[in-house]
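Visitor: Can you build the whole structure from these sequences, using the hints too?
There are 2 protein chains.
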Amino acid sequence: MPVNHLISLVKPELERVDAIILDAAKSEIDLIPKLANHLISAGGKRLRPIFTLACAKLCGYEGERHINLAVAVEFMHTATLLHDDVVDESEKRRGLETANNIWGNKASVLVGDYLLGRSFQMMARDGSNRVLTILADAAARIAEGEVMQLSTTKNTATTEAEYIEVVKAKTAELFAAACEVGGAIVEDDVKENNLQIFGENFGIAFQIVDDILDYSAEPAKFGKNIGDDLREGKMTLPLIKALSKSGAIEKDFLLGIIEGEVELSQETLTAASAIIRESGALEESYRQARDYAATARVALESFEKTPLRDAMLAVLDYSIEREF
Amino acid sequence: MPVNHLISLVKPELERVDAIILDAAKSEIDLIPKLANHLISAGGKRLRPIFTLACAKLCGYEGERHINLAVAVEFMHTATLLHDDVVDESEKRRGLETANNIWGNKASVLVGDYLLGRSFQMMARDGSNRVLTILADAAARIAEGEVMQLSTTKNTATTEAEYIEVVKAKTAELFAAACEVGGAIVEDDVKENNLQIFGENFGIAFQIVDDILDYSAEPAKFGKNIGDDLREGKMTLPLIKALSKSGAIEKDFLLGIIEGEVELSQETLTAASAIIRESGALEESYRQARDYAATARVALESFEKTPLRDAMLAVLDYSIEREF
Numbered sequence: 009m010p011v012n013h014l015i016s017l018v019k020p021e022l023e024r025v026d027a028i029i030l031d032a033a034k035s036e037i038d039l040i041p042k043l044a045n046h047l048i049s050a051g052g053k054r055l056r057p058i059f060t061l062a063c064a065k066l067c068g069y070e071g072e073r074h075i076n077l078a079v080a081v082e083f084m085h086t087a088t089l090l091h092d093d094v095v096d097e098s099e100k101r102r103g104l105e106t107a108n109n110i111w112g113n114k115a116s117v118l119v120g121d122y123l124l125g126r127s128f129q130m131m132a133r134d135g136s137n138r139v140l141t142i143l144a145d146a147a148a149r150i151a152e153g154e155v156m157q158l159s160t161t162k163n164t165a166t167t168e169a170e171y172i173e174v175v176k177a178k179t180a181e182l183f184a185a186a187c188e189v190g191g192a193i194v195e196d197d198v199k200e201n202n203l204q205i206f207g208e209n210f211g212i213a214f215q216i217v218d219d220i221l222d223y224s225a226e227p228a229k230f231g232k233n234i235g236d237d238l239r240e241g242k243m244t245l246p247l248i249k250a251l252s253k254s255g256a257i258e259k260d261f262l263l264g265i266i267e268g269e270v271e272l273s274q275e276t277l278t279a280a281s282a283i284i285r286e287s288g289a290l291e292e293s294y295r296q297a298r299d300y301a302a303t304a305r306v307a308l309e310s311f312e313k314t315p316l317r318d319a320m321l322a323v324l325d326y327s328i329e330r331e332f
Numbered sequence: 009m010p011v012n013h014l015i016s017l018v019k020p021e022l023e024r025v026d027a028i029i030l031d032a033a034k035s036e037i038d039l040i041p042k043l044a045n046h047l048i049s050a051g052g053k054r055l056r057p058i059f060t061l062a063c064a065k066l067c068g069y070e071g072e073r074h075i076n077l078a079v080a081v082e083f084m085h086t087a088t089l090l091h092d093d094v095v096d097e098s099e100k101r102r103g104l105e106t107a108n109n110i111w112g113n114k115a116s117v118l119v120g121d122y123l124l125g126r127s128f129q130m131m132a133r134d135g136s137n138r139v140l141t142i143l144a145d146a147a148a149r150i151a152e153g154e155v156m157q158l159s160t161t162k163n164t165a166t167t168e169a170e171y172i173e174v175v176k177a178k179t180a181e182l183f184a185a186a187c188e189v190g191g192a193i194v195e196d197d198v199k200e201n202n203l204q205i206f207g208e209n210f211g212i213a214f215q216i217v218d219d220i221l222d223y224s225a226e227p228a229k230f231g232k233n234i235g236d237d238l239r240e241g242k243m244t245l246p247l248i249k250a251l252s253k254s255g256a257i258e259k260d261f262l263l264g265i266i267e268g269e270v271e272l273s274q275e276t277l278t279a280a281s282a283i284i285r286e287s288g289a290l291e292e293s294y295r296q297a298r299d300y301a302a303t304a305r306v307a308l309e310s311f312e313k314t315p316l317r318d319a320m321l322a323v324l325d326y327s328i329e330r331e332f
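From first to last, the protein sequence lines stand for chains B and L.
The first sequence maps to residues 9 to 332 in this note's numbering.
The second sequence maps to residues 9 to 332 in this note's numbering.
Since the hints were made in silico from the structure, they are not lab data.
Treat the hints with care, since some could be wrong.
Identical copies go unnamed one by one, so any copy, or any two together, can satisfy a pair.
Derived EDC-like pairs (lysine to aspartate or glutamate); straight-line CA-CA distance at most 16 Å [unchecked claim]:
#1 176 - 36
#2 53 - 258
#3 34 - 145
#4 53 - 269
#5 176 - 275
#6 162 - 267
#7 34 - 21
#8 42 - 31
#9 176 - 236
#10 42 - 267
#11 259 - 291
#12 162 - 269
#13 53 - 312
#14 176 - 267
#15 34 - 70
#16 176 - 318
Guide: What follows is the structure, given as structure tokens:
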């Protein structure tokens with residue numbers, strides 16, 4: 009697994025990040041570590057803090073600041089996951105019961121707020137205004153993206169451009185910030201800019217593939233059910249493309265599902281997923297994901313060829329090829 | 009109204025704060041300004057940003073930074089209100105329908121996150137690490153206080169000390185931070201410390217009175233129903249005191265209400281509220297609120313006697329005497 013190879017190159021730093029995360033999520037209030045650890049230990053890939061560590065090293069940084077900033081990035085990510093699951097009314101994440109399902113929405117909202125506060129505390133400790141600006145902008149943009157997604161939900165007029173806007177804000181923004189912070193530490197504008205471009209395009213490609221997998225992955229591997237996005241009326245790229253590529257009968261059926269005129273059952277969802285797969289929408293979505301990945305690759309190739317850089321490129325390739 | 013007099017002393021600054029708030033809550037995403045403005049225009053007293061402005065002036069500050077920081081404080085407050093209403097499942101705030109009731113919990117969670125991000129953007133723009141530390145600490149502590157409150161809800165073993173801990177975190181912390189920021193701008197540790205003490209003790213007194221009013225105010229003025237806290241099982245000071253002061257029959261009735269063994273109806277809530285009032289718990293709670301207010305007064309009296317200082321002291325007195 010390419011991610012494991014990248015992890016091996018930042019291992020000592022990542023271990024310190026993990027230790028700080030577990031320590032900082034501590035609180036005298038029982039529920040906070042319980043809930044935070046549930047999510048943090050759920051076997052997430054920690055891709056964002058790994059990128060922060062890797063990007064700082066790629067810029068030749070040899071200090072300590074990237075450790076705390078990787079923690080800040082992961083806390084911000086964890087906070088958005090907790091709030092996302094409340095918003096999506098999700099019951100599962102990565103195959104595990106979600107925190108909101110176990111402890112209730114209230115706890116998820118508040119512990120998310122707590123972790124966000126913790127995240128900004130880490131930034132205050134770091135003391136760089138540039139870093140704070142990058143991450144505060146990300147926090148506002150992510151929430152904006154989520155609100156935008158609310159308003160595109162079940163909106164069958166959603167365009168591909170609107171979908172990309174949502175993805176840029178809700179997913180790519182934090183990947184971009186996680187990477188950009190690496191360059192901001194060494195105060196190199198060119199490197200910072202290239203890392204931002206890498207992170208943003210990686211994030212878009214990553215999310216498109218996630219949205220494809222919702223229609224094509226094996227449920228056991230993916231940790232959620234096929235067609236969940238369709239059930240929730242999420243206007244993702246495969247669905248938008250399928251609507252424009254399908255014949256009249258298939259299109260009407262999809263519209264019926266989204267608009268709630270066709271009853272949602274295992275049969276109708278399976279039929280709708282098949283229409284989407286057979287429309288060629290998944291292949292076209294993959295093509296588009298690959299274009300974003302190519303842009304990310306070019307930005308990263310502006311850095312000198314090193315094992316670390318190549319490990320990041322391998323993760324980029326894998327983000328497209330992965331099956332879950 | 010003493011608050012109006014204080015407002016008149018910071019009027020030009022407050023008008024700029026209002027303009028920035030309305031402008032900054034703008035977003036291309038329709039729902040964000042709609043929801044933010046609903047709350048911001050709901051006629052809130054804006055007490056926290058007013059304190060930030062007043063405290064900075066009290067420290068002799070003559071620059072511009074307190075304007076943006078007052079906005080940051082108000083955004084943080086608004087974000088916590090939005091999340092609070094989701095957590096409390098509130099239907100009304102200040103007599104108006106709550107945002108979560110109109111637009112749903114999802115929008116309230118996300119727009120709260122957006123405003124919190126905006127708040128930290130304002131701090132990034134300000135550039136002071138000291139200010140960022142104060143407000144990031146406050147953000148984490150407020151959420152901690154709310155989680156703590158969740159775990160004391162319907163917990164009849166809650167002590168007065170635990171109640172005060174919750175109030176310090178969920179309410180007093182932001183008042184303290186709003187005031188402290190005024191001293192942090194001029195980098196005067198003694199003033200900063202005194203303003204922090206003023207804000208914290210003001211906040212505790214303010215919340216105790218709020219919790220008393222839940223049992224004694226006229227609903228039309230107070231904007232919520234008498235006994236709402238009891239209905240929700242909130243272990244506030246009047247209730248905790250009433251439990252320890254009532255006779256066996258009255259105590260059992262109150263316990264029955266909190267623990268859900270007595271049916272909640274207008275009659276039983278009215279009877280329970282009467283028990284609390286007749287136990288003398290409200291008077292004792294007032295006495296305690298006055299003690300905190302006295303501590304706040306001493307801290308503020310360390311500043312030179314000016315019309316501004318005296319206007320703040322008048323607001324302090326009013327926070328105890330108010331009937332809604």
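Visitor: Work down the list of hints and note, for each, if the structure agrees.
Guide: Structure-based check of all given hints:
1. 176 - 36: between (37 Å within a copy, 15 Å between copies)
2. 53 - 258: neither (37 Å within a copy, 55 Å between copies)
3. 34 - 145: between (27 Å within a copy, 15 Å between copies)
4. 53 - 269: The answer is neither: 38 Å in one copy and 47 Å across copies each exceed 16 Å.
5. 176 - 275: Cα proximity of residue 176 and residue 275: none, with 33 Å in one copy and 54 Å across.
6. 162 - 267: within (6 Å within a copy, 41 Å between copies)
7. 34 - 21: neither (20 Å within a copy, 40 Å between copies)
8. 42 - 31: For residue 42 and residue 31, only the intra-copy Cα distance (12 Å) is at most 16 Å; the inter-copy one is 39 Å.
9. 176 - 236: neither (21 Å within a copy, 42 Å between copies)
10. 42 - 267: neither (39 Å within a copy, 25 Å between copies)
11. 259 - 291: Intra 18 Å, inter 69 Å, cutoff 16 Å: neither.
12. 162 - 269: within (12 Å within a copy, 43 Å between copies)
13. 53 - 312: neither (26 Å within a copy, 57 Å between copies)
14. 176 - 267: neither (26 Å within a copy, 48 Å between copies)
15. 34 - 70: neither (28 Å within a copy, 41 Å between copies)
16. 176 - 318: Neither. Shortest intra-copy (25 Å) and inter-copy (51 Å) distances fail the 16 Å Cα cut-off.
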